[in-house]
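K.L.:
The letter at position 109 of the sequence shown is residue 109 when you use UniProt numbering, and the numbering goes up by one with no holes.
What the hints contain is simulated information worked out from the structure, not anything from laboratory work. All C-beta atoms in this analysis are idealised placements derived from N, C-alpha and C, irrespective of residue type, glycine included. Be careful, since some hints might not be right.
What the hints assert, rightly or not - No more than 30 Å apart at the CA atoms, straight line, and that leaves these computed lysine-lysine pairs for DSSO-like:
#, residue 1, residue 2
1, K29, K127
2, K158, K127
3, K127, K58
4, K58, K102
5, K158, K98
Unchecked claim - Label-pair distances were calculated between CB atoms; the ranges are:
#, residue 1, residue 2, range
6, M82, T150, 26 to 34 Å
7, Y52, M132, 18 to 26 Å
8, S188, L56, 33 to 41 Å
9, D129, S189, 34 to 42 Å
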Amino acid sequence: MLYLRILMLGCALLTLGGCAIGQTIDYRKASPELTVRTTAPVQLQVIDQRPYVLALEKQPTFVGRLRGLYYNPWNVNTESGMPLAADIEQALRVALTKASVKVAASDGANAASHGQRLLVVTLREWKMDAYMNARFDFDVTVSVIDEQGTVLAACNVKNSSPVNNFVGAGAEVLRAVLDAPSITHALSSAATPSASISLPAGPTPIAQSVK
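Please take these sequences and the hints and turn them into a complete structure.
P.N.:
See below:
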């Protein structure tokens, strides 16, 4: 069992760079494969609302902790040196572009521009923790907003689970929330979705529509 834990941790740490001090993760590579299709441009906005970042206890570049032999924590940050929200936004821009979706600048808007949809991704948790096991905690909400500032659809994924690849786990979280039927419908249609989803609990991210 101990050997298995060490092996799993070793696999997870392959996504980190450097020694214990100064570890980084490149979440710009966490671009999921998306099924969404729309001819309307999408304005993308990623907001970091992690409580410890808002309280100035951690920098916006903080993505988790790697613990030493005596459980002493070392901060892990973004490889880019940019805020996590910027890295996630870049990953999503790449993913949406690959899905043939035109991505436009949002400039902190509260409503979509004419003929567009505003896609707001809110990070309330996004953090890894590695000691004998590697764990990924996340709480991500995606909202689709129209020209009047009306929320057409919202979906949340929240979980805490062991992982063996942090970048891959991040990509799966983003895929789960962006490929939720209510979100894809709101992005591809001018009509407000009439129903939302709630996936059953399991080891994969749990998508829950927000009312």
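K.L.:
For each hint given before, does the structure comply? Return the numbers of the non-compliant ones in rising order.
P.N.:
4
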